[in-house]
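Listed below are the residues making up each chain.
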Amino acid sequence: MAIVDEVRQIISQTLKVPIEQITPDTRLDDIGAESLEIIEIVFELEEKFGISIPFNPNQASPSSGGAREPDQSEDLASQTIGEVASAVESLVDAKHAS
Amino acid sequence: MNRVVVTGIGVVSPVGCTIYDFWSAVVEARSGIGPISIIPTERLTARVAAQVLDFDPVAHFEPRQSNAMDRFAQFAVVAARSAVRDAQLAIDEELALDIATVIGTGVGGQNTQDSSYFRLYGQNAPKLHPLTIPRLMVNGAVSHVSMDLSLKGPTYSVATACASGTHAIGQAFHMLRFGQAPVAIAGGAEACVTVGTLKGWEALRVLSSDTCRPFSKTRSGLVLGEGAAMVVLETRERALARGARVYAELLGFGMSADAGDITAADPDGAARAMQAALRDARTNAEDIDYVNAHGTATTLNDRMETVALRTTFGASADRIAISSTKGVLGHSLGAAGAMELVASVLALQMQTIPPTANYEEPDPECDLDFVPNTARQGPLRKAMSSSFAFGGLNAALVLGRA
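Chains as they are written, first to last, in the working numbering: chain A, 1 to 98; chain B, 99 to 500.
Hints in this document: simulated from the structure, not taken from any laboratory. Accuracy of the hints is not assured; some may be wrong.
To be verified - Non-contacting residues of chain B with respect to chain A, defined by C-beta distances greater than 10 Å in every case (computed):
{"hint": "1", "residue": "Asn100"}
{"hint": "2", "residue": "Arg275"}
{"hint": "3", "residue": "Pro280"}
{"hint": "4", "residue": "Asp308"}
As the list claims (entries may be wrong) - Here are the computed lysine to any residue pairs in the SDA-like style, where the Cα-Cα straight-line distance is at most 25 Å:
{"hint": "5", "chain 1": "B", "residue 1": "Lys297", "chain 2": "B", "residue 2": "Asp212"}
{"hint": "6", "chain 1": "A", "residue 1": "Lys95", "chain 2": "B", "residue 2": "Ala223"}
{"hint": "7", "chain 1": "B", "residue 1": "Lys225", "chain 2": "A", "residue 2": "Ser12"}
In this text the structure is predicted, and so the values were computed from the model without any measurement. For every residue, glycine included, the Cβ atom is placed at its ideal position computed from N, Cα and C.
The shape of chain A in the complex, shown without the other chains:
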């Protein structure tokens, strides 16, 4: 199965949304993913592909002088499934290369 389809399946199972509603162009927030659910999706992707996704919605951003960066999960929410899948794909490639 192509990575994008595996990602669609994981998101469908986590959010309990029919897989037909999840296309590579769908954004996570279009299908109602809330912050904790995004964290669940990240967890399930890491489990499935044996990768580590650098994602912490509370991480202080150097550019904001150490202040909390509140919108990182919103950034992820605004990504399309296709974008998420290609990010996963490069992490999988990096894992195989190392």
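Position chain B against the provided structure of chain A, taking the given hints into account.
Here is chain B on its own, set in the frame of chain A:
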């Protein structure tokens, strides 16, 4: 000071999830204790428990809701929904802002804790599921009840081990009495049948390997149970104004601490809680006709409790019908006090004294009327339900007829 009544009951119990199933098993001394089937038992020495076997989360929850809940929180929500339905309580937005929710639990999300630690230490998984903390936290039950029913008033959990349910209902009762809320959902929830919890209890050497026989000379220890029981409490004024069916009136609540041993209960501490409940109810010992005892069926508890009952009730102790319903329901820790309060409420309403199930032989050290195996008809004027927790934390409730 408001008078406070019980207008709704909801149970998720080892003997069923309707009031009818619960009450008929309690009255007929039909035990919900059986071989453990919900977890692997090969590492356990005691392989019996009072499990909730007919509970399917899919029948009650959307997957996205149940996914965030440990089993004990699922029990709590289903019992709370049943209690609200039973009370025919219409919750509009204005009332929702005032309703108090107080739920006792002894140990919280044990299923989550057990499976997470197995993953971490048994399977060496590098990380845990993101919902681990929300599922296992002790306030998971009360928070999910609040979210599910949109209850927005004073809301908190109570953790006093085996007395949690009694403390929770007592706290909610006092809130209503003193005008802090007009309506409360209160009770207890526990889902402690896990390998880790059972191994812990096994290590204390208090678990029976066959069944729970409270106050019987042949008693062999306690049997863990699980489930939830919730009541809807209302000020009597409000309940009468809306024409609600009233099951019973809560009259008094008493608490005490032993400040002694962490496990061995002290009859003096237990008696002080029962006496405080009688005082709070402005009731004399002579007016109590039934006590739903803690009665865990450990050697020490039942002996200690007999002494405490004699201290509390004096000359009346020999006349009062006393039973432990743990032979039927097992010991569901934080839910136990709530289930037993429900049994006491129904006893008053049905004017029937529930028996002590599995009773075999009198113990000279437990020489009171423990209503062995067969229920009795009333009349019942007032009843008491008491809980004496590990850690020496004691609580008792006194109730009267509607």
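Hint check results:
{"no.": "1", "hint": "Asn100", "verdict": "holds (40 Å)"}
{"no.": "2", "hint": "Arg275", "verdict": "holds (38 Å)"}
{"no.": "3", "hint": "Pro280", "verdict": "holds (33 Å)"}
{"no.": "4", "hint": "Asp308", "verdict": "holds (42 Å)"}
{"no.": "5", "hint": "B/Lys297 to B/Asp212", "verdict": "holds (11 Å)"}
{"no.": "6", "hint": "A/Lys95 to B/Ala223", "verdict": "holds (18 Å)"}
{"no.": "7", "hint": "B/Lys225 to A/Ser12", "verdict": "holds (22 Å)"}
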